[in-house]
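K.L.:
The chain contents come next:
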Amino acid sequence: MAGMIRTTRRVLPGFGLTMGYTLAYLSLIALIPLSTILLKTEGMGWVRFWHVVLSPRVIAAYKLSIGASLIAAAINSVFGFIVAWTLSRYEFPGKGALDALVDLPFALPTSVAGITLTSIYAQNGIIGRLFVPFGIKIAFAPLGIVVALTFIGLPFVVRTVQPVLQELEAELEEAAATLGATRLQTFRRVIGPAMLPALITGFALAFARALGEYGSVVFISGNMPMHTEVVPLLIMTRLEEFDYQGATAIALVMLVLSFTMLFGINLLQRWSASRYAAG
Amino acid sequence: MPPVEQLPSGPSGSRAVDGSSGAAGGRVPVSEASASLCRATEDPVWARRLIIGVATGFLGIFLIVPLVSVFAEALNQGVGLYFAAITDPEALSAIRLTLLTAAIAVPLNLVFGLAASWAITRFEFHGKNLLTTLIDLPFAVSPVIAGMIYVLMFGAHGWFGGWLMEHNIRIIFAVPGIVLATTFVTFPFVARELIPVMEASGTDEELAAITLGATGWQTFYRITLPKVKWGLLYGVIICNARAMGEFGAVSVVSGHIRGLTNTMPLYVEILYNDYNFTASFAVASLLTALALVTLVAKRVIGGKVEHPRLPTVAGDGVEREAA
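Chains as they are written, first to last, in this note's numbering: chain A, 94 to 372; chain B, 67 to 389.
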């Protein structure tokens, strides 16, 4: 078998061409441009680097970005699971359209999402005005950032959990039921554990996406330094001030964080895939 | 997964079948014998209603309200103003630039996607996992950083800034920068879609063609391309939607020069910041319509692509094969 595969690889042509093209393209479009960040920050020296990335305004931005992204990802995990459950288990009118709409946040340009959410959640907006009597401000406050990031991350949990729920074999639940489990016990002991890897992956994906989000947040946040300024916006501000070293230093910290996340997600998906295959 | 016919599987008969999943085929109807099992494995009616209510409520607030309000805001000053806004010369130039950008970035990424998926699925080599992960790179990079790296390369103070200045070539704050940033942000989409499709389609037919004397190109055009065409189209549609809609990365490199370097998403921002809300939402409604067309196309074509899907950072529902 292994021998056959090796022959296969030799017979099909085009390895040099496609591999060469792929690597050249990746290098030109992504790797060489990304390396500018390392070289730029290397030139600034450790002292200045730490001075920039640990300044109070930058720390406040990290805290806000990470905090708001975590909250949004958590909201999406809870409601995303419920949505995935509904779409994969129940029939009701309009389900097909709702299912297709779940991908809207991917397809909608972030600036459109930004202005729309701002108009809805502003104090005179159709949802924002409902919260005015309670003294709750959504747009131009940290809460608005959470709303935007929830919108942006909405598809991730749904689309990670949904296929796993659909593939989950009915026999498992039947076995639990015949063995005398109540529906709640079946959910907690059988369905829950099977869903956990997908749920964690969805959470991580939503979080990673939220962390770097700029377009939808910039409109709704109000962009006040120390208060509603997220990291991507701070990088943008530094670039507009032509403070390229400051921008790259902050960007480097973000990149390290994002790459760690990407690596973690890849491991998670492999873990999830192997469990999925074994289950 | 074992064939479903083996057992009268109670709840699966009544279980929802998603249009995009090909696994729906052989479900058997609920048999009488399993009626009690069915009760034990299905959620009580009150729970079902509650769950559907929460799910539709959440989607209603987060998806339908925004969707409706884009069009409501765009049309609230009447149809005349709406058409005036989208036929304004600046709007038309933004539309042209958006189309031009997509017309360059999408074909580039299409060729890249074909090359990368051929190399990854047809051959064994060291570092394959690394290469596959590298293709995901843009998902881990904030759009602002994606734009920034090109400013660091080609901006006035960038690596090639001086040289470009001498030769009077503008990349940053000009169209080439916009195309580059868009290409970076959208390069994974075609490749990510094609890799699992090509993996699943196997190499038997290609090998047969080669042994019968076909050249590599003939094999590719006549055998591989027809096999993966739906996956390819799916990837192109998603890539195109993102290329036309990219905001953050393009925002960094564009310089916001009206009539020259404004794409549609940037023009939406400019109008909004000018308090010209109706015009802003009018242009936004065009992008929203594009998004809706993309969703419909995704659904139609997604049903034709047969391979296991799990979401990725891109969220377009593609993952390497689970098995």
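Certain hints may be false.
Stated by the list, open to error - Derived DEER-like restraints, expressed as beta-carbon distance ranges: (1) 125/A <-> 173/B: 17 to 23 Å; (2) 291/B <-> 125/A: 27 to 33 Å; (3) 228/A <-> 115/B: 32 to 38 Å; (4) 150/B <-> 190/A: 48 to 54 Å.
To be verified - Here are a few chain A residues that sit away from chain B, every Cβ distance over 10 Å (derived from the structure): (5) 196; (6) 198; (7) 289; (8) 317.
Since the hints were derived computationally from the structure, they do not count as laboratory data.
Please read all numbers here as calculations on a predicted model, not as lab measurements.
We treat Cβ as the ideally placed atom computed from N, Cα and C, and that holds for glycine.
K.L.:
Against this structure, judge whether each hint is valid.
P.N.:
Outcome of the hint check:
As the Cβ distance of residue 125/A to residue 173/B is approximately 22 Å, the hint placing it in 17 to 23 Å holds. Look at residue 291/B against residue 125/A: about 31 Å separates their beta carbons, and that is inside 27 to 33 Å. Between residue 228/A and residue 115/B the CB atoms are about 33 Å apart, so this pair conforms to the stated range of 32 to 38 Å. Hint check: residue 150/B to residue 190/A, Cβ distance near 32 Å, so the stated range 48 to 54 Å is violated.
With 10 Å as the threshold on Cβ separation, the claim that residue 196/A sits away from chain B is violated: the shortest Cβ distance comes to roughly 6 Å. The claim that residue 198/A is not at the interface with chain B is violated, since a C-beta of that chain comes within 10 Å of its own (minimum 8 Å). Residue-level check passed: residue 289/A sits 15 Å from the nearest beta carbon of chain B, beyond 10 Å. The beta carbon of residue 317/A is kept farther than 10 Å from every beta carbon of chain B, the shortest such distance being approximately 16 Å.
Violated hints for the displayed structure, listed by number in ascending order: 4, 5, 6.
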